[in-house]
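Q: Take a look at the letters that make up each chain.
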Amino acid sequence: MSELINKIRQFFASQTIDLFIGYKKGRFGEGKPAFFTKPEQLKELVFDDKCIVNLAVYLRKPELKKFSKIGILANFGTLRALLQLAAENQIVDGQYLIFTVVDGKVLEFTNLKAIEEYVSKNLPKPNPERVALLKEIESKPREERWDWWTRELSSCIRCYACRAACPLCYCEQCLVECNQPQWVEVPPTGIGNLEWHIVRAMHLAGRCIGCGECEAACPMEIPIGLLTQKLNMTIISNFGQIPGTKLEPNYALSTFKVDDKENFIR
Amino acid sequence: MQEFEPKIVAFVCNWCTYAGADLAGTSRIKYATNVRIVRFPCTGRIDYMLILKAFQNGADGVIVSGCHPNDCHYTSGNFHARRRWIVFNELLELLGFDKRRLFFSWVSAAEGAKWANLVNEVVTEVRKLGPFNEYEELSKINVNSIGEICNV
Amino acid sequence: MARIGVFVCHCGENISSTVDCAKVAEIASNYPGVVYSIDYKYMCSDPGQNLIKEAIQKHKLTGVVVAACSPRMHEPTFRKATAEAGINPYLCEMANLREHCSWVHFREDSTTEKAAELVRVLVEKVKHNEELYPIKVPITKTALVIGGGIGGIQAALDIANSGHKVIMVEKNPSIGGKMAQLSETFPTLDCSQCILTPRMVEVAQHPNITLYTYAEVESVDGFIGNFKVTIRQKAKSVDHKACTGCGLCIEKCPIKKIPDEFNAGLGNRAAIYVPFPQAVPNKPVIDRNNCTYFLKGKCGLCNKVCPADAIHYEQEDEFIKVDVGAIVAATGFDIKHSDFLPEYGYGKYPDVIDGLQFERLASASGPTLGVLKRPSDGKEPESVVFIACAGSRDPAKGIPYCSKICCMYTAKHAMLFKHKNHHGNATVFYMDIRAGGKMYDEFVRRAIEEDDVNYIRGRVSRIYEKNGKLIVCGVDTLLNSRSVEIEADLVVLATAAVANSDSEELAQKLHISYDQYHFFSEAHPKLRPVETNTAGIMLAGACQAPKDIPDTVSQASGTAAKVVALFSQDELTREPLIAYVNNNTCVGCFLCQSVCPYLAIEKEEIRRRDGTLVKTVAKINPGLCQGCGTCVALCRSKSIDIHGYTNRQIYAEVSALFNRREYAGV
Numbered sequence: 001m002s003e004l005i006n007k008i009r010q011f012f013a014s015q016t017i018d019l020f021i022g023y024k025k026g027r028f029g030e031g032k033p034a035f036f037t038k039p040e041q042l043k044e045l046v047f048d049d050k051c052i053v054n055l056a057v058y059l060r061k062p063e064l065k066k067f068s069k070i071g072i073l074a075n076f077g078t079l080r081a082l083l084q085l086a087a088e089n090q091i092v093d094g095q096y097l098i099f100t101v102v103d104g105k106v107l108e109f110t111n112l113k114a115i116e117e118y119v120s121k122n123l124p125k126p127n128p129e130r131v132a133l134l135k136e137i138e139s140k141p142r143e144e145r146w147d148w149w150t151r152e153l154s155s156c157i158r159c160y161a162c163r164a165a166c167p168l169c170y171c172e173q174c175l176v177e178c179n180q181p182q183w184v185e186v187p188p189t190g191i192g193n194l195e196w197h198i199v200r201a202m203h204l205a206g207r208c209i210g211c212g213e214c215e216a217a218c219p220m221e222i223p224i225g226l227l228t229q230k231l232n233m234t235i236i237s238n239f240g241q242i243p244g245t246k247l248e249p250n251y252a253l254s255t256f257k258v259d260d261k262e263n264f265i266r
Numbered sequence: 001m002q003e004f005e006p007k008i009v010a011f012v013c014n015w016c017t018y019a020g021a022d023l024a025g026t027s028r029i030k031y032a033t034n035v036r037i038v039r040f041p042c043t044g045r046i047d048y049m050l051i052l053k054a055f056q057n058g059a060d061g062v063i064v065s066g067c068h069p070n071d072c073h074y075t076s077g078n079f080h081a082r083r084r085w086i087v088f089n090e091l092l093e094l095l096g097f098d099k100r101r102l103f104f105s106w107v108s109a110a111e112g113a114k115w116a117n118l119v120n121e122v123v124t125e126v127r128k129l130g131p132f133n134e135y136e137e138l139s140k141i142n143v144n145s146i147g148e149i150c151n152v
Numbered sequence: 001m002a003r004i005g006v007f008v009c010h011c012g013e014n015i016s017s018t019v020d021c022a023k024v025a026e027i028a029s030n031y032p033g034v035v036y037s038i039d040y041k042y043m044c045s046d047p048g049q050n051l052i053k054e055a056i057q058k059h060k061l062t063g064v065v066v067a068a069c070s071p072r073m074h075e076p077t078f079r080k081a082t083a084e085a086g087i088n089p090y091l092c093e094m095a096n097l098r099e100h101c102s103w104v105h106f107r108e109d110s111t112t113e114k115a116a117e118l119v120r121v122l123v124e125k126v127k128h129n130e131e132l133y134p135i136k137v138p139i140t141k142t143a144l145v146i147g148g149g150i151g152g153i154q155a156a157l158d159i160a161n162s163g164h165k166v167i168m169v170e171k172n173p174s175i176g177g178k179m180a181q182l183s184e185t186f187p188t189l190d191c192s193q194c195i196l197t198p199r200m201v202e203v204a205q206h207p208n209i210t211l212y213t214y215a216e217v218e219s220v221d222g223f224i225g226n227f228k229v230t231i232r233q234k235a236k237s238v239d240h241k242a243c244t245g246c247g248l249c250i251e252k253c254p255i256k257k258i259p260d261e262f263n264a265g266l267g268n269r270a271a272i273y274v275p276f277p278q279a280v281p282n283k284p285v286i287d288r289n290n291c292t293y294f295l296k297g298k299c300g301l302c303n304k305v306c307p308a309d310a311i312h313y314e315q316e317d318e319f320i321k322v323d324v325g326a327i328v329a330a331t332g333f334d335i336k337h338s339d340f341l342p343e344y345g346y347g348k349y350p351d352v353i354d355g356l357q358f359e360r361l362a363s364a365s366g367p368t369l370g371v372l373k374r375p376s377d378g379k380e381p382e383s384v385v386f387i388a389c390a391g392s393r394d395p396a397k398g399i400p401y402c403s404k405i406c407c408m409y410t411a412k413h414a415m416l417f418k419h420k421n422h423h424g425n426a427t428v429f430y431m432d433i434r435a436g437g438k439m440y441d442e443f444v445r446r447a448i449e450e451d452d453v454n455y456i457r458g459r460v461s462r463i464y465e466k467n468g469k470l471i472v473c474g475v476d477t478l479l480n481s482r483s484v485e486i487e488a489d490l491v492v493l494a495t496a497a498v499a500n501s502d503s504e505e506l507a508q509k510l511h512i513s514y515d516q517y518h519f520f521s522e523a524h525p526k527l528r529p530v531e532t533n534t535a536g537i538m539l540a541g542a543c544q545a546p547k548d549i550p551d552t553v554s555q556a557s558g559t560a561a562k563v564v565a566l567f568s569q570d571e572l573t574r575e576p577l578i579a580y581v582n583n584n585t586c587v588g589c590f591l592c593q594s595v596c597p598y599l600a601i602e603k604e605e606i607r608r609r610d611g612t613l614v615k616t617v618a619k620i621n622p623g624l625c626q627g628c629g630t631c632v633a634l635c636r637s638k639s640i641d642i643h644g645y646t647n648r649q650i651y652a653e654v655s656a657l658f659n660r661r662e663y664a665g666v
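The listed protein sequences correspond, in order, to chains A, B and C. The numbering used here applies: residue 1 is where the first sequence begins, and numbers increase by one. The numbering used here applies: residue 1 is where the second sequence begins, and numbers increase by one. The numbering used here applies: residue 1 is where the third sequence begins, and numbers increase by one.
Simulated from the structure, these hints should not be mistaken for lab results. Ideal Cβ positions, reconstructed from N, Cα and C, are used throughout, including at glycine. Just to be clear, a hint being listed does not mean it is correct.
[Said to hold, decoys possible] Heads up, simulated DSSO-like pairs for lysine-lysine below, C-alpha to C-alpha not over 27 Å straight-line:
#1 K50/A with K24/A
#2 K603/C with K66/A
#3 K65/A with K615/C
#4 K246/A with K603/C
#5 K603/C with K113/A
#6 K61/A with K438/C
#7 K99/B with K135/A
#8 K69/A with K603/C
#9 K257/A with K99/B
#10 K321/C with K348/C
#11 K619/C with K65/A
#12 K69/A with K348/C
#13 K603/C with K61/A
#14 K140/A with K128/B
#15 K171/C with K252/C
#16 K114/B with K261/A
#17 K615/C with K66/A
#18 K619/C with K257/A
#19 K603/C with K257/A
#20 K61/A with K615/C
#21 K418/C with K469/C
#22 K30/B with K23/C
#23 K99/B with K140/A
#24 K113/A with K66/A
#25 K114/B with K526/C
#26 K420/C with K438/C
#27 K65/A with K603/C
#28 K261/A with K99/B
#29 K41/C with K30/B
#30 K246/A with K41/C
#31 K509/C with K257/A
#32 K171/C with K113/A
#33 K418/C with K246/A
#34 K32/A with K61/A
#35 K114/B with K257/A
[Stated by the list, open to error] These stretches of chain B come out as covered by chain C in the derived footprint (C-beta under 8 Å, 3 or more residues):
#36 39-46
#37 54-68
#38 78-89
This is chain A alone, in the form it adopts within the complex (with noise of 0.2 Å):
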């Protein structure tokens, strides 16, 4: 932790960078947000396996516009979704300076290139425990299946923390603002909460690095992060196209095969 905390210092007197994003200890212990201006701050900072916010999400922030470099302590999730932005056009190749830490060492990424040959090599396998519980909700008979999600969302109070918590869900104006017309009905009714929870879905498919950002942030715990992590699986599978992976855009909803597969077109 010394080396990089040396090593930021280092970028801060020689004005490389303006703005550091990284974690502190928080009250529980977990890993929060931290933006560190003054090299003096960076004391600070920890990095550790708490500190699980994407911190990806703060880049399209407008408060972010005065900084001309930013350093950024980026945990994989982070990296992916630094590649998946760069692939949308929302994010400048050269505007960051990234780091992680793995098993204790420092690496430091001076462009997005590194980062995608990084994390195309470091790609981890789909959490087994989240896996077994989606083929337990498939396994149930349709009816079931349908009575727990209904039962699940019902709780939806529509507060969109999962929105915001998202790296990717930075549109200026969502869908659910949307009024000319109502897309989505606006009262944490069943039908309204059905839809945006399958509206956030869709969006994020092909696009969701699985972060699992969007679930932590539910106040109301609903296992949201399954949908999207479904769909994810099903667009790997299918298209082979695996978000946050690649500079080049790699969207799997906007290119095709011919010979794509399906089973229930008539």
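Starting from the known structure of chain A, arrange chains B and C on it as the hints suggest.
A: For chains B and C alone, kept in the frame of chain A given last:
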């Protein structure tokens, strides 16, 4: 008692299925009156949200149909649509949505008979399933449960 | 407030026999926003259209729903009538009561009910219709013709003679195409080169035509009226400006054993060559794949002997960028070559040849100077068997279609043989004789009756060699399917006509569609046979499907007429039913870019007055967009919409479907 008459909506592309339905007409092939066609320029234009809206507005079954692969007037709209449907279909499957009420099909401008058969099949199948109450009930039940949450 | 008029057509009795039109009009009059509703016997007739026009003016209508036949039938009619009444034509919609209702249902309550609902859906849609105006696009009045065969030549000359510039690109060193290889042409038996070469010269000398031979289309961007094409001028290694065409280099070239493409492999040519004596341009190119200088770095004989110092080994491929307004694809066809018919010994026995090889053998300018000599030993054949449908109409060979030209050229071949050898035996095996065309059947009858060609209806199962003869085993289906064996000195296969091997690649460059056999697809098989689905790109000749010379020439002239019609206007008017972007909400993710089949989505920078960049958003090029709307459904923030099928319009339609709730929910 009067038999249940399902309400069926069909979202079709202008160039193939709409024309196929026109051909069924010029060929005077008779089929069930239950279907209402909404015309789109291409299957690529068909938004999955509209499918949900159709169910919300009382459809008991929805048909989505366009040009066969390689036949798209715009060369690839149907291929993009197919990918979307594959993903959307998986999502509905996971949610336990009653997918028996959602029908995807390719009907070309030359397949007037296929269109008529498709409508008849869909009407028969959905008639067996009965009215689609799950969607409406969803509204009622959830509003209550939100009330409970608020009371806690 | 919306003021909608509903006009229910009886279509004589076509609609009114199963739908109660008066009742539909009455129900519609109660729909919110409807201020006028009426039914009439023939809405498309003059009095019917006047009814609409008068109502628009009298009731100050803001929208019109004509409930009649399919909009695919009469939408233009009623939109025109609407415009004539003084309101925007795009404020008119049609409910399809005939094809989608009255014709497909019996007379019962539910049919009328459905008709009324269809009207309601369209009433709700039309409330959200906007005034739209046709799009104007400027036109570059130069045409690109790809391919210098008879199709390309005809199209180019017709366009050039109408006063427009033409750029012709031919991949071979000379124009002329397949027709230049033919000996005589059916049904007149006049010499192919005699009628073709004057046309070739005309192309070369025409002030309006720029000719690029030994060149290919590298890339095509843009859209109708405004294509940007890059032409790859392959290195000829000969400076054609300096070259006098004296032919000394060809004479001296030591590499002379290269199978001659022009003679269908039956003759040889040098590594520096002119494909045939009447070539246009009549100046050589170096075949770098066979030239010793390019393979081994030495020789250089041609350079030494050239009196004009025209040999330039260092020449490189050149890329020429041109702007054109229309493109004619006239790239022709190919025939199936050897290894395709092992049972006929094609490729195994030198005396089993294809139709194009026979043309060269029979041609006065061919390798045998018009004396029919068989390839194996140069003997003049006494008995020749011609096999039609060698591969065509054979699903097992993957070619279920008819190659169209073979019946006629086989009759011609048999005749040419009989004219050269009056006592020889000519036998034709055929499946059917397809001789539809002016003077065509007479031509075939002449072969059979006057020239004594023996026509046997049946297939050939096998050909084998025995004592220097080819034994053709077949069946005569008109004689109780008796098997027949014929001894032949030469066998000519009318092998299937197929698309060029690179046609798929070219189609992708042009963004035009092609069929499963890789022939280019016309926009409509009957009514738009010379256009493609990509506006501004037309077809001429056998690149679309196998065609004979008269058909190719007629299509080429048809295509030229389309091009000239396009060029007759300074601006192109297009239907405004295209996509558009809401700059305020677009976040510029550009994931929509790759769904567009027409590459119509571009980047646009939004800047403040002082020039600072606010953001980059998507922009639809109105010249390229064809209005499929695939980008609309993809856009997450609904920042793209499409005129004519807007989100609000379709949402309103869906909301009005079943009248279950208040459908004013938009």
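Q: None of the hints should be skipped; say for each whether it holds.
A: Results for each hint:
The suggested pairing of K50/A with K24/A holds, with an alpha-carbon distance near 10 Å, which does not exceed 27 Å. In summary, the hint linking K603/C to K66/A is supported, as the alpha carbons are separated by about 25 Å, within the 27 Å threshold. With a CA separation close to 13 Å, the supplied pair K65/A and K615/C stays within the 27 Å bound. With a C-alpha separation of about 21 Å, the suggested pairing of K246/A with K603/C holds against the 27 Å cut-off.
For the proposed pair K603/C and K113/A, the alpha carbon gap of about 23 Å is at most 27 Å, so the pair holds. For the hint pairing K61/A with K438/C, the CA-to-CA distance comes to about 75 Å; that exceeds 27 Å, so the pair is violated. A distance of roughly 19 Å separates the Cα atoms of K99/B and K135/A; the hinted pair therefore holds under the 27 Å criterion. The suggested pairing of K69/A with K603/C holds, with an alpha-carbon distance near 25 Å, which does not exceed 27 Å.
Note on K257/A and K99/B: the hinted pairing holds, with a Cα-Cα distance of about 25 Å set against a maximum of 27 Å. Of the supplied pair hints, the one linking K321/C and K348/C is violated, its CA atoms being roughly 46 Å apart against a limit of 27 Å. At most 27 Å may separate the alpha-carbon atoms for a hinted pair to count; K619/C and K65/A meet this at roughly 25 Å. Distance hint between K69/A and K348/C is unfulfilled; the C-alpha atoms sit about 72 Å from each other, more than 27 Å.
Distance restraint check for K603/C and K61/A: the Cα-Cα separation of roughly 22 Å lies within the 27 Å cut-off, and the hinted pair is therefore satisfied. Note on K140/A and K128/B: the hinted pairing holds, with a Cα-Cα distance of about 23 Å set against a maximum of 27 Å. Between K171/C and K252/C the CA atoms are separated by roughly 26 Å; this keeps the pair inside 27 Å, and the hint holds. Restraint check for K114/B and K261/A: the C-alpha separation of about 22 Å stays at or below 27 Å, so the hint holds.
Restraint check: the Cα-Cα separation between K615/C and K66/A comes to about 15 Å, which is no more than 27 Å; the hinted pair holds. Of the pairs offered as hints, the one joining K619/C and K257/A holds, with about 26 Å between alpha carbons and a cut-off of 27 Å not exceeded. Only pairs whose Cα atoms come within 27 Å are accepted, and K603/C paired with K257/A is accepted, the gap being roughly 26 Å. Taking the CA atoms of K61/A and K615/C, the gap is about 14 Å. The hint holds against a cut of 27 Å.
For the suggested pair K418/C and K469/C, the alpha carbons sit about 19 Å apart, so the restraint of at most 27 Å is met. Between K30/B and K23/C the CA atoms are separated by roughly 22 Å; this keeps the pair inside 27 Å, and the hint holds. Distance restraint check for K99/B and K140/A: the Cα-Cα separation of roughly 15 Å lies within the 27 Å cut-off, and the hinted pair is therefore satisfied. Distance hint between K113/A and K66/A is fulfilled; the C-alpha atoms sit about 25 Å from each other, no more than 27 Å.
For the hint linking K114/B to K526/C, the alpha-carbon distance of about 23 Å falls within 27 Å, and the restraint holds. Of the supplied pair hints, the one linking K420/C and K438/C holds, its CA atoms being roughly 26 Å apart against a limit of 27 Å. Between K65/A and K603/C the CA atoms are separated by roughly 22 Å; this keeps the pair inside 27 Å, and the hint holds. Distance check on the hinted pair: K261/A and K99/B sit about 18 Å apart at the alpha-carbon level, within 27 Å; holds.
Taking the CA atoms of K41/C and K30/B, the gap is about 23 Å. The hint holds against a cut of 27 Å. Taken as a hint, the K246/A and K41/C pair is broken in the structure, with Cα atoms around 63 Å apart against an allowance of 27 Å. With a C-alpha separation of about 18 Å, the suggested pairing of K509/C with K257/A holds against the 27 Å cut-off. As the CA atoms of K171/C and K113/A are separated by approximately 41 Å, the hinted pair breaks the 27 Å bound.
Distance check on the hinted pair: K418/C and K246/A sit about 69 Å apart at the alpha-carbon level, beyond 27 Å; violated. Of the supplied pair hints, the one linking K32/A and K61/A holds, its CA atoms being roughly 17 Å apart against a limit of 27 Å. A hinted pair counts as satisfied when its Cα atoms are at most 27 Å apart, and K114/B with K257/A qualifies at roughly 26 Å. Given a C-beta distance limit of less than 8 Å, the hint that chain C covers the stretch 39-46 of chain B holds, as 7 residues qualify and 3 suffice.
Under the rule that three or more residues need a Cβ within less than 8 Å of chain C, the assignment of the stretch 54-68 of chain B holds, with 4 such residues. Proximity of the stretch 78-89 of chain B to chain C, defined as three or more residues with a beta carbon under 8 Å from a beta carbon of that chain, is established by the 3 residues found.
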